[in-house]
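The chain contents come next:
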Amino acid sequence: MKRQMSGAKMIIQALKDQGVDVVFGYPGGAVLPIYDEIFQQNDIRHILVRHEQAAVHAAEGYARSTGKPGVVLVTSGPGATNAVTGMTDALLDSIPLVILTGQVPTFMIGNDAFQEADTVGITRPCTKHNWLVKDTDKLAEIIHEGFHIATSGRPGPVLIDVPKDVQFADGTYVPPKKVDTSRYQPQIKGDIKAITALVEMMEKAERPILYTGGGVINSGPAASQLLRELADASGIPVTSTLMGLGAYPASGKNWLGMLGMHGLYEANLAMHGCDLMICVGARFDDRITGRVEDFSPHSKKAHIDIDPSSINKVVHTDVPIVGDIGHVLEDLLKIWKSRGRKVNKPAIGKWWKQIEEWRAVNCLAYKQEGKIIKPQYALERLEALTKGMDRYITTEVGQHQMWAAQFLGFDEPNRLMTSGGLGTMGYGHPSSLGVQLAHPDALVINIAGEGSWLMNMQEMGTAVQYRLPAKQFILNNERLGMVRQWQELLHGERYSATWQEALPDFVKLAESFGAKGIRCSDPADLDDAIMEMIKHDGPVIFDCLVEKHENCFPMIPSGSPHNEMLMGDAETQGVIGNTGAVLV
Amino acid sequence: MSALNIKKGSSAHSAYDLKNPNADVHEAHTLTVTVDNEAGVLARVIGLFSGRGYNIESLTVAEINEEYHTSRITIVTTGTPQVIEQIKAQLGRIVPVHSVHDLTVEGPYLERELALFKVAGTGDKRVEALRLADIFRANVVDSTLESFVFEMTGTSEKIDAFADLMRPLGLIETARTGVAAMARGA
Ligand SMILES: Cc1ncc(C[n+]2csc(CCOP(=O)(O)OP(=O)(O)O)c2C)c(N)n1
Ligand SMILES: [Mg+2]
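For the record, the sequence lines run as chains A and B.
In terms of the working numbering, the first sequence opens at residue 133 and continues consecutively.
In terms of the working numbering, the second sequence opens at residue 27 and continues consecutively.
It should be emphasised that the hints constitute simulated quantities derived from the structure, not laboratory data.
Note that CB positions come from ideal geometry on N, CA and C, so glycine has one too.
Just to be clear, a hint being listed does not mean it is correct.
[Said to hold, decoys possible] Restricting the straight-line Cα-Cα distance to at most 20 Å, the calculated cross-link-like pairs of lysine to any residue (SDA-like) are: (1) Lys466(A) <-> Ala365(A); (2) Lys270(A) <-> Val121(B); (3) Lys336(A) <-> Ile480(A); (4) Lys114(B) <-> Tyr316(A); (5) Lys474(A) <-> Ala329(A); (6) Lys270(A) <-> Lys114(B); (7) Lys114(B) <-> Pro257(A); (8) Lys114(B) <-> Ile480(A); (9) Lys151(B) <-> Val175(B); (10) Lys114(B) <-> Pro318(A); (11) Lys114(B) <-> Val446(A); (12) Lys309(A) <-> Lys499(A); (13) Lys667(A) <-> Arg651(A); (14) Lys270(A) <-> Glu93(B); (15) Lys114(B) <-> Arg256(A); (16) Lys266(A) <-> Lys114(B); (17) Lys114(B) <-> Lys336(A); (18) Lys499(A) <-> Asp657(A); (19) Lys148(A) <-> Thr283(A); (20) Lys266(A) <-> Asp62(B); (21) Lys114(B) <-> Arg651(A); (22) Lys385(A) <-> Gln357(A); (23) Lys477(A) <-> Asn386(A); (24) Lys270(A) <-> Lys336(A); (25) Lys148(A) <-> Gly161(A); (26) Lys270(A) <-> Gly66(B); (27) Lys321(A) <-> Pro440(A); (28) Lys114(B) <-> Tyr167(A).
[Unchecked claim] For each label pair, taking beta carbons as the anchor points, the in silico distance ranges come out as: (29) Ile320(A) <-> Leu140(B): 42 to 50 Å; (30) Lys144(B) <-> Asp450(A): 14 to 22 Å; (31) Glu93(B) <-> Lys466(A): 39 to 47 Å; (32) Lys466(A) <-> Leu140(B): 49 to 57 Å; (33) Glu544(A) <-> Gly79(B): 21 to 29 Å; (34) Glu53(B) <-> Gln597(A): 52 to 60 Å; (35) Glu53(B) <-> Lys469(A): 39 to 47 Å; (36) Pro307(A) <-> Tyr94(B): 52 to 60 Å; (37) Ala479(A) <-> Arg78(B): 34 to 42 Å; (38) Val51(B) <-> Gly624(A): 49 to 57 Å; (39) Gln632(A) <-> Val51(B): 37 to 45 Å; (40) Gly253(A) <-> Val51(B): 31 to 39 Å.
Here chain B stands alone, though its shape is the one from the complex:
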């Protein structure tokens, strides 16, 4: 009962056509969200991501302004461009959210993460771990005769690379803070 004989899939403005040929390529975006530091605000943000099926690669939060009780949440998320736009719009709807910035599209920016690595071992492996830590500018913040704890700040990629090197050398424990990020310049 089709009165209009329009060919299926002929030009369109559906959301599906927003996608480029590599449509399913998920982009990683780093978002910074300024919120009122009130009870439940983090739960609102996390609930939004889980409720709507968005990804969280990393999330950090801390109060940044004591006087006004505002906190900054840094989220690294992945999704198609359309999903990223939705995430920003949905974050903007949360009442205690003051601002949402997508650092990935807004210009050059810095990303830093802090990590602690516990590496256990003796002999050559121990020496090699220490040597690599030096190259990566990781600090030794704890040491025993059988172990080191290295502290390191850097981009997530640098921390990943260091972790990869430490694994065969006796890496037994890792703690990472997740990404904190900021636009360059003023």
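Chain A extracted, bound-state conformation:
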């Protein structure tokens, strides 16, 4: 069935055929024909954000919490450049997005036309792939291929730049089934020989560990299920990166907690001391490895990843397995079971004993005393009061983000949306709105720092306009806390530009947007205030005034190995070497 229609109509048709129900966007001259089509239909909902960066983060929240691609529509020039941070964020965290940008008409490209930017040039390094569409006949095909590329293999953002004349012109619509996607078909099944080699190592390992990452979540719910089965049946301890939290449940018996720079003592020491590391969909990021030369020096390493370029990039892998996590784990379990479900039980028993000793250090210990709320305490109370609820968490970037990862438990995948790879302040608020749209009845909370939150505070307007009751839980230390912490530890307590004066009155700010504001400064009031926030049917800004100088521990300073962890203020003086100071 071939159909003639305008490019603008074609875009809407293609989105419908891809099952898109919501688009996050912001209009402008170069996308007027598309907005006109949006106006004349009811299948696709358009959410008007207040800044294009927020459109992308909202789409990321939507995508991360549903497993479906997020869709963004912005205008040319400033619309596109404003979206660049979001695209880079999605690229680094492997979030599937389809971003449509308007462009000046083809005959004006290259003339420095009004609101012209070389969008495909600017976004080439921050998208998985991008296109400038010069012919309406190619538009539908490119959109469908875009969805295919965004969602298959290692997911990521794609951008389609559509000049205004291409939107106006008529062309032939091609439905998704008619589109050839053969040129991009990443390897899904892992090599059985390599998987068998890993099983053999698993059977003998004395101190094995599963080091899991965002790839497990990206692979889909089956992968998380298989990971649980593997861990629980084998008794192998599990740790995870920030991006992988929830793939294995925090309440699971094999759970060690998050690893890495602000990971748990027991998780990092187990990584350091293991003899078999099974990396599942993680990428040996520098926040994870610390000093690479000293990273887990006694282990054989297996790495399962859908992206061949992640393997052997940072750390040498003894058993590389390229494939989709779900498929590989399925084969791995099958082979392991067929060989009699063997593990080195006595050795693993000893391993767990050792881990329990590390765990007894209680690395997250803090003191809540007096009249000032400790940020950790606020999160512990939030965790206790929301446990068992249908809860989604987003975060901004900073100390609060790391405390959220340490003190909140995630029992399911797709429940934590956070900017891991890029560390984008301003991510959490718009992301929480995207999540809330996808899950209208769920409790969505953005754990924020006051600094980050102000970076996209304008999105309160979006929340109120669309009645998105996401809660903005701001751990307000009146400091750019994470940077302040580094200045304290690395730069002789010279607090350069990390104290924001003239912060807004967040309660009044909420009210000015037509939302609810709550302030809490006394630990004794905290539970009631949190309950008030949860019970309020609408957006809330919760201004939680917390201790201003709390540091986030444990901490592996940049350039240090896992077994040189800082555990608290008392031990920090002069511990960080100069080589670490040049690392970020």
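Position chain B with the ligands against the provided structure of chain A, taking the given hints into account.
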């Protein structure tokens, strides 16, 4: 607060140990990359090299199949073995890239480059330039009373050697295509 007293630098599997004792020796590799000949594809490849800090010694590109619109890019790059492996994996991730071959490790192969040299001069130097060109099997493709343009194909080393000889004889301009390469045999 080190619970494990593991000696630093004791056996390891970090990437650093992949390097042999001559670890920082950069190897030159010749890669051939088949790509869809679509807008921006060369920019993607070059952007990858600049963005990730890889070296490009030489890069050539042209369409090789009109029907399927595929082009072949030949890249000579240098790096440690680990970096070379990364370059290949990263190239493989680019959507319009069909295949990546590392001719340097895949068996015997040919490398050819075309160069044009303009040599100006009179008298003995001019005669000597012509004599050397003959030895190197360079063709004269343009001549005036004061100059020659020599055309030459060969390995980069041969072209380097010829250029070295021409320099004192009045070499005033050089144009090189970069390397095109192909595996030997079928
Ligand atoms: C867009 C952006 N700019 C700068 C930074 C560097 N940075 C990382 S954490 C941080 C401080 C965050 O402050 P806040 O949001 O108040 O969180 P806190 O650490 O105080 O909990 C800064 C400036 C960043 N990650 N992102
Ligand atoms: Mg702060």
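Against the structure, the hints:
This hinted pair checks out: lysine 466(A) and alanine 365(A) have alpha carbons roughly 12 Å apart, not beyond 20 Å. With a C-alpha separation of about 17 Å, the suggested pairing of lysine 270(A) with valine 121(B) holds against the 20 Å cut-off. Pair hint lysine 336(A) plus isoleucine 480(A) holds up; C-alpha atoms about 10 Å apart against a cutoff of 20 Å. In summary, the hint linking lysine 114(B) to tyrosine 316(A) is supported, as the alpha carbons are separated by about 17 Å, within the 20 Å threshold.
Between lysine 474(A) and alanine 329(A) the alpha-carbon distance is near 14 Å, which keeps this suggested pair within the 20 Å criterion. Our distance criterion of 20 Å between C-alpha atoms is broken by lysine 270(A) and lysine 114(B), whose separation comes to about 30 Å. For the hint pairing lysine 114(B) with proline 257(A), the CA-to-CA distance comes to about 17 Å; that is within 20 Å, so the pair holds. Distance check on the hinted pair: lysine 114(B) and isoleucine 480(A) sit about 39 Å apart at the alpha-carbon level, beyond 20 Å; violated.
For the hint linking lysine 151(B) to valine 175(B), the alpha-carbon distance of about 14 Å falls within 20 Å, and the restraint holds. Using a Cα cut-off of 20 Å, the hinted pair lysine 114(B) and proline 318(A) holds, with the two alpha carbons roughly 15 Å apart. The hinted pair formed by lysine 114(B) and valine 446(A) meets the criterion: a straight-line CA distance of about 15 Å does not exceed 20 Å. Between the alpha carbons of lysine 309(A) and lysine 499(A) the distance comes to roughly 60 Å, so the proposed pair goes past 20 Å and is violated.
The hinted pair formed by lysine 667(A) and arginine 651(A) meets the criterion: a straight-line CA distance of about 15 Å does not exceed 20 Å. Distance hint between lysine 270(A) and glutamate 93(B) is fulfilled; the C-alpha atoms sit about 18 Å from each other, no more than 20 Å. Between the alpha carbons of lysine 114(B) and arginine 256(A) the distance comes to roughly 19 Å, so the proposed pair stays at or under 20 Å and holds. For the hint linking lysine 266(A) to lysine 114(B), the alpha-carbon distance of about 31 Å lies beyond 20 Å, and the restraint is violated.
Annotation: proposed proximity of lysine 114(B) to lysine 336(A) is violated, straight-line Cα distance about 34 Å (limit 20 Å). Our distance criterion of 20 Å between C-alpha atoms is met by lysine 499(A) and aspartate 657(A), whose separation comes to about 18 Å. Our distance criterion of 20 Å between C-alpha atoms is met by lysine 148(A) and threonine 283(A), whose separation comes to about 16 Å. The suggested pairing of lysine 266(A) with aspartate 62(B) holds, with an alpha-carbon distance near 17 Å, which does not exceed 20 Å.
The straight-line distance between the Cα atoms of lysine 114(B) and arginine 651(A) is roughly 54 Å, outside the 20 Å bound, and the hint therefore fails. With a CA separation close to 15 Å, the supplied pair lysine 385(A) and glutamine 357(A) stays within the 20 Å bound. This hinted pair checks out: lysine 477(A) and asparagine 386(A) have alpha carbons roughly 14 Å apart, not beyond 20 Å. For the proposed pair lysine 270(A) and lysine 336(A), the alpha carbon gap of about 55 Å is over 20 Å, so the pair is violated.
Restraint check: the Cα-Cα separation between lysine 148(A) and glycine 161(A) comes to about 23 Å, which exceeds 20 Å; the hinted pair is violated. A hinted pair counts as satisfied when its Cα atoms are at most 20 Å apart, and lysine 270(A) with glycine 66(B) qualifies at roughly 17 Å. Pair hint lysine 321(A) plus proline 440(A) holds up; C-alpha atoms about 13 Å apart against a cutoff of 20 Å. Of the supplied pair hints, the one linking lysine 114(B) and tyrosine 167(A) is violated, its CA atoms being roughly 42 Å apart against a limit of 20 Å.
The hint said 42 to 50 Å for the Cβ distance between isoleucine 320(A) and leucine 140(B), and at roughly 43 Å that hint holds. Between lysine 144(B) and aspartate 450(A) the CB atoms are about 55 Å apart, so this pair departs from the stated range of 14 to 22 Å. For glutamate 93(B) and lysine 466(A), the hinted distance range of 39 to 47 Å is satisfied, since their beta carbons lie about 44 Å from each other. A hinted range of 49 to 57 Å holds for the C-beta pair lysine 466(A) and leucine 140(B), which are about 56 Å apart.
Between glutamate 544(A) and glycine 79(B) the beta carbons are some 39 Å apart, a value that contradicts the proposed interval 21 to 29 Å. In this structure the hint that glutamate 53(B) and glutamine 597(A) lie 52 to 60 Å apart at CB holds, the actual value being about 59 Å. For glutamate 53(B) and lysine 469(A), the Cβ-Cβ distance of about 44 Å falls inside the hinted range of 39 to 47 Å, so the restraint holds. Checking the proposed 52 to 60 Å range against proline 307(A) and tyrosine 94(B) shows it is violated: the Cβ atoms sit about 24 Å from each other.
Roughly 41 Å separates the CB atoms of alanine 479(A) and arginine 78(B), a value that falls within the hinted 34 to 42 Å. Against the hinted window of 49 to 57 Å, the Cβ-Cβ separation of valine 51(B) and glycine 624(A) comes to about 40 Å, which falls outside the hint. Between glutamine 632(A) and valine 51(B) the CB atoms are about 50 Å apart, so this pair departs from the stated range of 37 to 45 Å. Between glycine 253(A) and valine 51(B) the beta carbon distance is about 36 Å. The supplied range of 31 to 39 Å therefore holds.
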